[in-house]
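So the protein lines, in turn, are chains F and E.
Read in the numbering used here, the first sequence has 63 at position 63, and its numbers run on one by one without any break.
Read in the numbering used here, the second sequence has 181 at position 181, and its numbers run on one by one without any break.
To be clear, the hints were calculated from the coordinates, so they are not data collected in a lab.
Hints should not be assumed to be uniformly reliable.
[What the hints assert, rightly or not] Here are a few chain E residues that face chain F, going by a calculated C-beta distance under 7 Å: (1) GLY18; (2) GLY22; (3) ILE23; (4) ARG108; (5) VAL177; (6) VAL218.
Note that beta-carbon positions come from the ideal geometry of N, C-alpha and C, so glycine has one too.
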Amino acid sequence: MQKIMTEIERCKGCYLCMANCPKEAIHLSGKVNHKGYEYIEVDQEKCIACGSCYQMCPDFVFSILV
Amino acid sequence: MKCSVPASVKYDHTFCQGCAQGIVNRLIGEIMEELGTTEKLIVTTDVACGAMNVDFWDFDTIVGAHGRPIPTATGVRKVRKDCLSLAHLGDGAAYNIGMAETMHAAIRDDDVMALVLNNCVFAMTGGQTSATTMLGQRTTTSVKGRKKSVEGSPFHVEKALGDMDIAYLARGSVDSVAAIRKTKKYLKKAFEKHKNHEGFCLVEILTPCPTNWGLSPVDSMKRIREQVIPEFPVGEFIDRGGNE
């Protein structure tokens, strides 16, 4: 079930979401977006939809769906 | 809990990696949605990084003279009493260049709201020492660290305005999820007071500047937690009740 929607083209690779995720559900994807930043990926299984990444992200990458 | 960034602020902005302007913009957008005043906010920004917000949100925006968004926003409020008037500025504008304007707005208890993003440096011009640069902090104009004997002590807004008869004074931070939620409460309270014409409201937010601090975004947040907050305590300092 998809709990988080990410708009990876907005990501600037600050990784504040990774540092603040309580379940360590966010990791590096190993791919880069058109801006040239290595963006993140969310493990939807580990995610508890707490909204920490939504709160911390300065670039509006995340939307909580549940 | 479903949540998504308000459309009024959801733009692909060009602030640096890890800059907290995006977080603050989202908070403003969310509060405006909650208060139902998205169409009624007029922002006056300073000539600095914050001026780029002209392109990054839907609010009507004026770029004031450098350091003088507060008197400009006061004028806006005087002629448009039905609208909210926010002065959006940084620590260099509020406490260095526009110190006189900040102090006199507080002395007169002007009907205006000021939002100061304090990142301890002049960010857009390349990271020079500002009034709130901490002792020992290295900047491009204090390469060996700020010294009290040379550049003086950091400026604390709660000490300068703490005894004044103003409506609201608070300081928040964006270093963690809990801090952001608290900051949103302060901001919302200030906007509500401003909406009720209660007087001068100033909210300062401690933000990182990873580019000029020479740190990664995650380390910048750690620095706020470990070094900046002990120097600049967060919390509410003035909360005057009632409509004066």
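Hints versus structure:
1. GLY18: holds, 4 Å
2. GLY22: holds, 3 Å
3. ILE23: Constraint on ILE23 (chain E) satisfied, holds at 5 Å.
4. ARG108: Constraint on ARG108 (chain E) not satisfied, violated at 35 Å.
5. VAL177: holds, 5 Å
6. VAL218: Cβ of VAL218 (chain E) sits 5 Å from chain F, so the hint holds.
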